[in-house]
Amino acid sequence: MGKNQQSRRAFIQSLGVLALGFSMSGTGCSRFKKEQADPSAPKIRTRELDMEEIDSWLVIREDGRVTIMTGKMELGQGITTAIAQVAAEELHMNMSLIDVHLAETGYTPDEGYTAGSRSIETSAMSVRRAAASAREYLLEMASQELSIPKIALTIEDGQIGGQGKSTTIYTLLNGKYFETKISSDAPLYANAERKIVGQSVARMDINSMVTGKSHFIHDLRFPAMVHARIVRPPAQAAKLTSVDTQAISKLPGLAKFIRVGSLVAVIAEDEYQAIKLAKAVSYFLAWDYQKALPANRSLMQYIRSLPADSKMDKKSEAWSDHTIANSPVRHRAAYFKPYIMHAANGPSCGIARYADGRLWVWTHSQGVYPLRGALADLVGLAEEHIHVKGVPGSGCYGHNGADDVAAEAALLAMEFPGRHVRLQWMREEENAWEPYGTAMVLEVEAGLDSQGRITGWKYDLWSDDHGVRPGGDADNLMPAWYIEKGHGKAKSGFRGGAIRNSEPYYSIPQLHLQSHIFRGPLRRSSLRGLGAYANVFAIESFMDELADKVSIDPIDFRIRHLNDERAIACLKQLAKQIKSIKKQNQQGIGIGFARYKNQAAYCAVAAHVRVDQQTNKVEVIKLWAAVDAGEVINPDGLKNQIEGGMVQSISWGLMEEVNFDDTQVTNLNWDSYPILRFQEAPAIHIDVIDHPHEVPLGAGEAAQGPATAALVNAVYQATGIRVRQLPVIKALQHSALRVKPLA
Amino acid sequence: MDWKSFYNYLTNFNTMEVEFKIRVNGVSRRIKADPETPMLYILRNNLTLNGPKFGCGLAQCGACMMLIDGVAVPSCTYPLQNVGQSEVTTLEGLSQEGGKLHPVQQSFFEEQAAQCGYCTNGLIMASVALLRRKSDPSETEIRAELQRNICRCGIHARAIRAVKKLSDR
Ligand code: FES
Ligand code: FES
Chain A
27 MGKNQQSRRA
37 FIQSLGVLAL
47 GFSMSGTGCS
57 RFKKEQADPS
67 APKIRTRELD
77 MEEIDSWLVI
87 REDGRVTIMT
97 GKMELGQGIT
107 TAIAQVAAEE
117 LHMNMSLIDV
127 HLAETGYTPD
137 EGYTAGSRSI
147 ETSAMSVRRA
157 AASAREYLLE
167 MASQELSIPK
177 IALTIEDGQI
187 GGQGKSTTIY
197 TLLNGKYFET
207 KISSDAPLYA
217 NAERKIVGQS
227 VARMDINSMV
237 TGKSHFIHDL
247 RFPAMVHARI
257 VRPPAQAAKL
267 TSVDTQAISK
277 LPGLAKFIRV
287 GSLVAVIAED
297 EYQAIKLAKA
307 VSYFLAWDYQ
317 KALPANRSLM
327 QYIRSLPADS
337 KMDKKSEAWS
347 DHTIANSPVR
357 HRAAYFKPYI
367 MHAANGPSCG
377 IARYADGRLW
387 VWTHSQGVYP
397 LRGALADLVG
407 LAEEHIHVKG
417 VPGSGCYGHN
427 GADDVAAEAA
437 LLAMEFPGRH
447 VRLQWMREEE
457 NAWEPYGTAM
467 VLEVEAGLDS
477 QGRITGWKYD
487 LWSDDHGVRP
497 GGDADNLMPA
507 WYIEKGHGKA
517 KSGFRGGAIR
527 NSEPYYSIPQ
537 LHLQSHIFRG
547 PLRRSSLRGL
557 GAYANVFAIE
567 SFMDELADKV
577 SIDPIDFRIR
587 HLNDERAIAC
597 LKQLAKQIKS
607 IKKQNQQGIG
617 IGFARYKNQA
627 AYCAVAAHVR
637 VDQQTNKVEV
647 IKLWAAVDAG
657 EVINPDGLKN
667 QIEGGMVQSI
677 SWGLMEEVNF
687 DDTQVTNLNW
697 DSYPILRFQE
707 APAIHIDVID
717 HPHEVPLGAG
727 EAAQGPATAA
737 LVNAVYQATG
747 IRVRQLPVIK
757 ALQHSALRVK
767 PLA
Chain B
11 MDWKSFYNYL
21 TNFNTMEVEF
31 KIRVNGVSRR
41 IKADPETPML
51 YILRNNLTLN
61 GPKFGCGLAQ
71 CGACMMLIDG
81 VAVPSCTYPL
91 QNVGQSEVTT
101 LEGLSQEGGK
111 LHPVQQSFFE
121 EQAAQCGYCT
131 NGLIMASVAL
141 LRRKSDPSET
151 EIRAELQRNI
161 CRCGIHARAI
171 RAVKKLSDR
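Heads up: the sequence lines are chains A and B, in that order. Counting in our numbering, the first sequence runs from 27 upward without gaps. Counting in our numbering, the second sequence runs from 11 upward without gaps.
No lab work stands behind these hints: they were computed from the structure. Please note: incorrect hints may appear among the correct ones.
What the hints assert, rightly or not - Derived DSBU-like pairs (lysine-lysine); straight-line CA-CA distance at most 35 Å:
| id | chain 1 | residue 1 | chain 2 | residue 2 |
| --- | --- | --- | --- | --- |
| 1 | B | 31 | B | 144 |
| 2 | A | 608 | B | 31 |
| 3 | A | 608 | B | 42 |
| 4 | B | 31 | A | 648 |
| 5 | A | 239 | A | 282 |
| 6 | A | 648 | B | 175 |
| 7 | B | 31 | A | 239 |
| 8 | A | 305 | B | 42 |
Whole structure, please, built from the sequences with the hints as guidance.
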């Protein structure tokens with residue numbers, strides 16, 4: 027047996043063990059059942075990961091199936107299916123023969139975070155090239171093996187044949203690695219045939235969801251797993267001052283009481299027992315905490331008053347301070363977006379096990395490698411002794427509590443070695459402790475010439491930074507603040523998040539764009555779209571206000587300021603969709619447009635609303651979108667993303683706002699943090715403009731800004747009330763007495 | 011919290027485990043647990059079912075829904091001791107013999123009415139209960155029925171369509 031064969035076998039076996047995390051609950055691979063006793067036994071990948079090599083992305087298994095290794099996570103966005111589609115196309119393989127292995131340290135490529143709508147643009151495209159290269163390589167091998175010219179061979183479902191002879195892809199490799207670089211000139215079947223890509227194939231994971239098969243991290247069960255709950259302090263800035271350990275030790279069913287600095291937790295064999303214990307323990311703790319939050323003040327004014335790190339993001343060469351002042355029409359406005367929660371349906375969950383100096387962590391984090399780095403820093407183990415496996419969680423829409431809960435589970439597992447420790451946050455923990463999408467203030471000023479063209483545009487935004495992700499630094503993991511081991515508060519995050527889409531996509535001769543980054547009162551990080559949500563809300567509201575000032579149709583006004591044909595095509599498609607809609611009394615239609623990040627998908631949205639004059643109740647009747655995401659891998663998957671994005675955005679814009687008193691966040695459940703429900707859900711129509719020969723453009727976050735902009739613009743059309751401070755429902759209540767509706 | 015409620019809390023806390031016989035998905039099961047344990051934990055942990063999900067524990071989100079004699083209720087606030095002779099059904103109990111999907115499951119699949127899928131259990135259980143009560147619900151009735159459920163990914167329109175398809179109307 028050759029050396030390669032040996033190592034190949036070792037690799038497949040370890041893959042099987044990997045699958046065991048799941049096989050406990052049904053989806054594992056039966057060949058490895060005997061190893062179930064220790065599902066987290068150390069595993070070693072026998073070949074170095076190299077993103078340039080086929081082997082890092084694709085494994086051909088003995089049973090003829092192909093496993094695709096992706097460094098991305100399934101967040102409900104359907105990336106698993108899209109990746110399987112591109113691979114199936116290039117390998118000429120039925121999708122049912124393809125498995126997708128999600129991010130796992132040491133096994134899958136390090137693709138950073140699953141964020142920024144980039145998974146199709148990056149991971150899927152790498153997989154596509156790896157699969158095409160693998161196919162060419164295998165055809166080459168078959169040609170030699172069978173002495174048939176490559177051109178006469180066909181490949182189908184792992185069988186290669188021609189002229190009456192055939193072989194299989196597994197036989198050809200004979201247990202060896204490809205050991206071949208991905209070739210950039212392997213022809214793409216996606217261009218030539220395009221049988222699977224571009225089709226609305228069903229999501230691979232929906233069957234598990236509708237039947238209740240194990241799918242989520244919440245569903246993982248390990249033998250002898252214990253349950254943990256954290257006992258939270260009354261405020262974020264808090265220190266544990268005393269503990270009645272005697273009383274606590276008498277509580278029934280307590281497997282262990284854990285205190286690391288000011289981090290307090292209970293462990294029990296039974297989950298409900300752990301919940302009860304956590305509550306009981308809270309009576310025996312004393313905390314020193316600060317009432318540090320700026321309650322009962324206008325948050326908009328407060329964040330404008332904070333010290334800020336200011337920067338000029340763009341100043342056109344032609345910029346003159348007089349341009350706006352000298353324009354015949356001038357306008358200015360200030361907009362506000364509050365703190366918003368990710369508010370995942372399922373609270374964050376993490377599982378960890380520590381044994382023999384090694385740590386295993388199961389997480390729904392968006393970045394297993396950066397989390398591993400941060401965990402190493404947190405628990406003081408070398409990275410190679412930490413294994414982090416990604417498992418789908420409840421849709422998170424950004425950086426929520428996933429990494430924190432994994433880190434907490436890890437800390438607790440180290441205090442309770444040998445057993446799997448499962449920690450799931452309670453609803454109030456999720457709401458009070460997750461990092462929010464930051465509040466932002468946006469001020470715009472512009473001038474228009476006599477033709478109704480924008481002459482100059484001055485934009486100032488105030489924002490906390492976004493993207494305060496683990497990034498290898500324990501300070502960014504919330505439990506680090508409480509273990510009293512010298513970790514500080516989270517450092518600065520990603521300034522680029524705040525200025526995302528702060529530059530209008532319109533051609534404007536003179537731009538003056540500044541950002542002012544403050545450190546706000548609440549914890550914050552990345553929420554779907556980051557700053558693009560608030561920036562597009564402000565820009566697109568303002569564009570409507572300008573169009574109104576010069577009495578130009580809002581769609582025309584935008585098209586006049588666009589150079590990009592694809593952007594114009596989206597707006598024209600949107601115009602077609604809403605042309606024949608009859609508006610009744612108290613109804614309005616508004617639109618919003620953006621190209622996400624000014625380089626990803628184009629998205630134009632229209633909203634049809636009705637605002638009751640008496641009650642100010644807002645009903646969103648219907649939403650339309652016209653989307654150009656370049657090459658579309660899965661049209662229905664894309665629609666689902668845009669649909670979901672619009673609904674979520676409407677929910678944010680209509681009713682969502684994080685509130686706090688001087689100590690802590692106060693909306694701790696779905697009653698105090700309501701989101702859009704089924705009776706309020708709009709009808710939806712989406713047109714996708716497919717460009718099969720363009721590069722695919724990330725679309726998962728494209729609808730966030732345009733949808734809320736469309737909503738407020740529609741509310742204006744219906745009522746004459748211009749909402750500049752979100753959320754809309756609250757703003758309408760405030761303005762109800764002041765502003766007369768339009769006739 | 012005052013001392014009296016604290017005292018009550020600790021008294022409750024010490025409740026002994028009691029053995030119950032309940033029927034879940036057509037099978038009779040013996041469960042020994044604190045009688046106050048919400049069914050959610052019994053179903054997920056004692057019976058290793060994945061259908062019901064923890065979302066809030068407060069009867070506000072519907073993620074945990076199960077059927078009690080055909081009626082959809084949140085399992086997170088339904089104590090074990092209240093089950094009695096009732097028939098409990100979870101998502102797992104809907105599929106028919108041979109793994110054939112229940113029409114509501116099938117319809118959610120066909121409409122691809124899921125993103126992350128965390129709400130799927132609750133939506134399907136609520137819809138099954140509705141259709142059992144009324145074979146021809148209108149869209150308004152469907153929306154009203156699903157009003158107890160939270161979906162953060164925004165699959166509302168698809169879920170409504172999936173149920174509407176099964177309505178005789
Ligand atoms: S978990 Fe039961 S209703 Fe939310
Ligand atoms: S699909 Fe994610 S919560 Fe509904």
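Now for the hints, and whether the structure bears them out:
no. : hint          : result
1   : 31/B x 144/B  : 31 Å, holds
2   : 608/A x 31/B  : 60 Å, violated
3   : 608/A x 42/B  : 62 Å, violated
4   : 31/B x 648/A  : 49 Å, violated
5   : 239/A x 282/A : 32 Å, holds
6   : 648/A x 175/B : 20 Å, holds
7   : 31/B x 239/A  : 25 Å, holds
8   : 305/A x 42/B  : 22 Å, holds
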